[in-house]
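Q: The task is simple: from the sequences and hints, build the whole structure.
Position one of the sequence shown corresponds to residue -2 (this note's numbering), numbered consecutively onward.
EDC-like cross-link-like pairs, simulated, lysine to aspartate or glutamate; straight-line CA separation at most 16 Å:
{"#": "1", "residue 1": "LYS200", "residue 2": "GLU61"}
{"#": "2", "residue 1": "LYS165", "residue 2": "ASP105"}
{"#": "3", "residue 1": "LYS200", "residue 2": "ASP210"}
{"#": "4", "residue 1": "LYS159", "residue 2": "GLU144"}
{"#": "5", "residue 1": "LYS159", "residue 2": "ASP105"}
{"#": "6", "residue 1": "LYS135", "residue 2": "GLU101"}
{"#": "7", "residue 1": "LYS216", "residue 2": "ASP54"}
{"#": "8", "residue 1": "LYS135", "residue 2": "ASP105"}
{"#": "9", "residue 1": "LYS159", "residue 2": "GLU141"}
{"#": "10", "residue 1": "LYS82", "residue 2": "ASP210"}
Pair by pair, the computed Cβ-Cβ distance ranges are:
{"#": "11", "residue 1": "ALA214", "residue 2": "ASN52", "range": "12 to 20 Å"}
{"#": "12", "residue 1": "ARG158", "residue 2": "ASP196", "range": "35 to 43 Å"}
{"#": "13", "residue 1": "LEU154", "residue 2": "GLY181", "range": "36 to 44 Å"}
{"#": "14", "residue 1": "GLY215", "residue 2": "HIS140", "range": "42 to 50 Å"}
{"#": "15", "residue 1": "ALA214", "residue 2": "HIS140", "range": "41 to 49 Å"}
{"#": "16", "residue 1": "PRO98", "residue 2": "ARG206", "range": "28 to 36 Å"}
{"#": "17", "residue 1": "HIS100", "residue 2": "GLY215", "range": "30 to 38 Å"}
{"#": "18", "residue 1": "ASP196", "residue 2": "HIS100", "range": "19 to 27 Å"}
{"#": "19", "residue 1": "SER145", "residue 2": "HIS193", "range": "33 to 41 Å"}
Calculated from the structure, these hints are not laboratory results.
Values in this document were obtained by computation on a predicted structure and should not be read as measured data.
Backbone N, C-alpha and C fix where the C-beta goes; we use that ideal spot for every residue, glycine too.
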Amino acid sequence: MKRYLPFLIVATVALVALGSGAMLYRAKRTQLLAVSENRSVSGNSSAKSMHIRGNPDAMVTLEEFGDFQCPPCSTFASFGEELLKEYDSRLRIVFRNFPLPLHEHARDAALAAEAAGMQGRFWEMHDVLYREQAVWSKAPNTHELFESYAGTIGLNLDQFRKDMDSEKARERVDSDHALGDSLGVNVTPTFFINNHPVDPKDKNPEGVRAAIDAALAGKSQA
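A: This is the structure:
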């Protein structure tokens, strides 16, 4: 046994080095991947949802991974409405939940939005959450505020409470987050236009418009 000991030590060191190299590679792999066609979810299921604003058959899709407690996401929410008016039937916006751990109430807000979505009011809750972000993000009891918002947009409150605490709502948020993780998303907002990531330096009105115009031009030439 002793004569094989040096070989066992060498083999063990090699395996440890190989594992460390693989971990280092994954840690460094932060670039965004393009959204493949099979990751573009259409329709709804118990675990997945696709929240679309604008023409469902638009030539260009702007997909956002957003966090309801993220101030830049709130700014984009208003800009997104401008884009839909500007591009009309040529653009649709898809929202994906990506609550960040550093935001204490972001996940609960995402659950509230999904619960509203189960009553057909996702975008109404989306708009209220961003409009009132400065209020609820600092509140000691966000659930009371979320319930007040639910009442304001005409939801059945008993159903809203049940849905917000449901496994279905959690699965929808987790499904969006898992998709974002698989694409290398780690900040919000992150945008994809027709399945291609928008460069972080272009996450401004001029850059987003330029990316949409380029996507439209590409469609017209196809």
